[in-house]
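Line by line, the protein sequences give chains U and H.
For the first sequence, the numbering used here assigns the number 1 to the initial residue and increments by one for each residue that follows.
For the second sequence, the numbering used here assigns the number 225 to the initial residue and increments by one for each residue that follows.
Please note that a few of the clues may not be correct.
[Stated by the list, open to error] A few chain U residues facing chain H, derived, Cβ under 7 Å:
| hint | residue |
| --- | --- |
| 1 | Gly-14 |
| 2 | Glu-67 |
| 3 | Gly-68 |
| 4 | Ile-69 |
| 5 | Asp-70 |
| 6 | Gly-73 |
| 7 | Leu-74 |
| 8 | Ala-80 |
| 9 | Arg-84 |
| 10 | Phe-89 |
| 11 | Asn-101 |
Treat the hints as calculated values from the structure; they're not laboratory data.
Using N, Cα and C, we set each Cβ at its ideal position, and we do this for glycine too.
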Amino acid sequence: MSTIIGQSLSKLYGHGDATVMAIEDMDFQITSGEFVGIMGESGAGKSTLLAIMGAMNAPTQGSLTVEGIDVYGLDSERRADFRREFLGFIFQSFHLIPYLNLEENVMLPLATIRAPRRRKQAMAREALAAVGLGDKGHRLPGEISGGEKERTAIARAIVNQPPVILADEPTGNLDSKTSGEIMRLLQELNGKGSTIVMVTHSRECACYADRIMHVADGRLAEAA
Amino acid sequence: MTLKQIAIRNLLRRKGKAALILCGLALGIGTVISVITYADAVTGDIKHKLEKYGANILVVPRTESLSLNYGGINMGGISFEMQELYEADLARVHQIKNARNIAAMGPVVLGAVKVNDRPVMLAGVDFEEARILKPWWQVNGRPPAADGLLAGAEAARVLELQAGARINIQGHPMTIQGVLKPTGSQDDQLLFASLPAAQRVLDKPGRVSMVEVAALCTACPIEDMVRQISEALPGAKVMAIQQVVQGRMETLMQFKKFSFGVSVIVILIGSLVVLVTMTGSVRERKEEIGVFRAIGFRKQHVMRIILIEATLISMCAGLIGYVAGMGATKLAFYFFSGNPSMALPWNLPLAAAAMGLALAVGLAASIYPALAAAHMDPNDALRAL
Chain U
1 MSTIIGQSLS
11 KLYGHGDATV
21 MAIEDMDFQI
31 TSGEFVGIMG
41 ESGAGKSTLL
51 AIMGAMNAPT
61 QGSLTVEGID
71 VYGLDSERRA
81 DFRREFLGFI
91 FQSFHLIPYL
101 NLEENVMLPL
111 ATIRAPRRRK
121 QAMAREALAA
131 VGLGDKGHRL
141 PGEISGGEKE
151 RTAIARAIVN
161 QPPVILADEP
171 TGNLDSKTSG
181 EIMRLLQELN
191 GKGSTIVMVT
201 HSRECACYAD
211 RIMHVADGRL
221 AEAA
Chain H
225 MTLKQIAIRN
235 LLRRKGKAAL
245 ILCGLALGIG
255 TVISVITYAD
265 AVTGDIKHKL
275 EKYGANILVV
285 PRTESLSLNY
295 GGINMGGISF
305 EMQELYEADL
315 ARVHQIKNAR
325 NIAAMGPVVL
335 GAVKVNDRPV
345 MLAGVDFEEA
355 RILKPWWQVN
365 GRPPAADGLL
375 AGAEAARVLE
385 LQAGARINIQ
395 GHPMTIQGVL
405 KPTGSQDDQL
415 LFASLPAAQR
425 VLDKPGRVSM
435 VEVAALCTAC
445 PIEDMVRQIS
455 EALPGAKVMA
465 IQQVVQGRME
475 TLMQFKKFSF
485 GVSVIVILIG
495 SLVVLVTMTG
505 SVRERKEEIG
515 VFRAIGFRKQ
525 HVMRIILIEA
535 TLISMCAGLI
545 GYVAGMGATK
555 LAFYFFSGNP
565 SMALPWNLPL
575 AAAAMGLALA
585 VGLAASIYPA
595 LAAAHMDPND
605 ALRAL
């Protein structure tokens with residue numbers, strides 16, 4: 001069964017003469033359990049495409065279906081629920097909350113769900129252990145390295161076991177050794193059944209993907 | 225991790241901002257509490273002092289005659305026998321519903337006598353009550369004893385009386401023990417004796433010509449007291465000296481209105497401080513709010529975080545504001561009222577009202593920033609995707 005289906009997706013920014021076509025008439029299909037890389041030049045539209053897949057940026061035209069759900073047919077609050085249940089985000093700049101320790105950061109996606117505190121803690125510790133930070137849950141983001149921040153961001157993305165993980169340049173701020181570790185971690189998650197869609201500039205990182213979607217001038221140029 | 229914990233952690237992290245909001249709100253609440261408490265205390269004090277401004281209710285016998293006296297000018301020629309009230313009946317006035325609002329009640333017996341072959345009005349009064357009813361009296365000499373007399377300034381001049389002079393009034397030898405300084409009232413024309421002495425001289429035992437009452441009732445109209453006294457003394461005509469009463473009430477009301485006006489302005493300023501600081505704080509947290517929204521927080525969850533923060537700060541501000549307000553009131557008593565011993569009226573309802581007001585102002589001023597946060601586009605907020 002296809003996990004993510006984009007049909008005739010277009011996204012316009014601005015009005016009148018200042019209109020910019022960020023994405024134009026894109027059709028794609030990502031199947032469940034796939035590891036897909038999105039590559040392209042800066043400004044090609046890959047981040048816009050990821051934002052649309054992330055239910056955060058409504059397309060001007062076209063539709064996005066995830067697990068049979070018409071994402072942009074949902075109202076704003078239901079889209080938030082959809083993001084919580086179906087998607088895990090990994091940001092290039094980590095976006096950890098500086099005043100929460102790692103365990104609390106990882107627990108964030110669980111903050112709005114009704115579950116006993118102990119269960120939430122257990123889930124967060126399990127996710128941290130899965131990324132190799134089981135013993136650092138009490139530390140603040142300011143006290144750990146870039147690689148550990150990225151691992152924490154991954155733990156936060158997987159804590160509620162969403163079927164799809166969206167990663168925006170997950171190794172963009174890391175050295176090559178740490179990048180390799182992160183990519184192996186993502187590959188491992190993919191191996192456990194998670195669908196991963198990753199925007200990257202790096203050919204080394206792209207090698208970990210099952211398939212690459214090339215974006216150029218707002219269009220899908222080719223699929224390899 | 226819960227929304228409440230997120231809110232608390234954020235407050236602890238941004239202590240400076242939280243302290244600014246807390247101070248702004250606490251200052252506003254403190255000022256309101258201080259102004260209200262001070263106004264209440266001073267109103268009570270003014271009320272107490274105003275009671276000393278003299279009589280504001282007159283009780284006279286009922287009569288069908290019309291007075292031919294205006295502004296102290298007597299058109300003369302007509303004299304009439306005035307009925308008197310009975311002193312024993314006056315006890316009933318102390319049983320009226322608002323008896324506690326009577327500060328002083330002074331029965332007066334009046335009658336014409338001759339001194340040195342000149343006619344003069346003798347007034348029998350209760351000198352103890354007269355201290356409250358006529359606080360403007362200043363006596364050269366000493367207040368009279370049982371058979372002593374107090375001469376009005378004009379009466380003393382015309383009759384050539386001085387303190388220590390002995391005179392005979394209708395066969396009763398009496399001593400002038402004091403002379404009133406000029407008052408500008410009809411008191412200047414009279415001789416005053418104690419009520420029993422005057423009743424004896426005028427041969428009016430147990431009778432009084434009129435009664436002066438000093439009363440102040442902020443919780444009820446003066447008309448109510450007039451009605452109650454009229455019912456207690458059916459044979460008497462009871463009149464409120466309206467100008468005096470209205471003047472007193474207006475003074476109190478103006479003071480209170482001014483106090484509340486100041487309070488409203490201070491609260492508005494306090495709420496503006498909360499609004500501006502919270503809005504700034506939300507803008508600073510744009511990225512954080514973007515993350516919350518991206519990982520599945522609903523708009524209401526984001527709003528709840530902001531409003532929980534506002535609630536916690538407001539509750540602290542209410543408590544601090546109340547205590548600070550009471551402290552400021554105590555200082556105001558010391559520096560401004562000239563009466564540092566004035567009692568500080570600690571009261572639970574006012575403390576609860578302070579908390580309620582702080583919450584209402586804090587939450588009302590935080591609604592806009594909370595809505596702004598909730599409606600933040602996660603995509604714009606993050607810019608990473």
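Self-check item: Hint status (Cβ of Leu-74(U) to nearest Cβ of chain H, threshold 7 Å)
Solution: Given a least distance of 12 Å, the restraint on Leu-74(U) is violated.
Quiz item: Going by Cβ atoms only, is Asn-101(U) closer than 7 Å to chain H?
Solution: violated (9 Å)
Quiz item: Should the hint that Ala-80(U) touches chain H count as held when the rule is a Cβ pair under 7 Å?
Solution: holds (5 Å)
Quiz item: Holds or violated: is there a CB of chain H closer than 7 Å to the CB of Phe-89(U)?
Solution: holds (5 Å)
Self-check item: Restraint outcome when Glu-67(U) is required to lie within 7 Å of chain H by C-beta distance
Solution: violated (16 Å)
Quiz prompt | Hint check: 7 Å Cβ-Cβ cutoff, Gly-14(U) to chain H | solution = Violated - the Cβ of Gly-14(U) stays beyond 7 Å from chain H, reaching only about 14 Å at its closest.
Quiz item: Taking 7 Å as the limit, does the beta-carbon of Gly-73(U) come near enough to a beta-carbon in chain H?
Solution: violated (18 Å)
Quiz item: Can Asp-70(U) be said to touch chain H, with a Cβ gap under 7 Å?
Solution: The hint is violated - Asp-70(U) has no Cβ within 7 Å of chain H, the shortest such distance being about 18 Å.
Quiz item: Hint check: is the beta carbon of Gly-68(U) less than 7 Å from a beta carbon of chain H?
Solution: violated (19 Å)
Self-check item: Interface hint compliance - Ile-69(U) to chain H, C-beta minimum distance less than 7 Å
Solution: Interface hint status for Ile-69(U): violated (14 Å vs cutoff 7 Å).
Quiz item: Holds or violated: is the Cβ of Arg-84(U) closer than 7 Å to a Cβ in chain H?
Solution: holds (2 Å)
Hints 1, 2, 3, 4, 5, 6, 7 and 11 from the earlier list are contradicted by this structure; the remaining hints agree with it.
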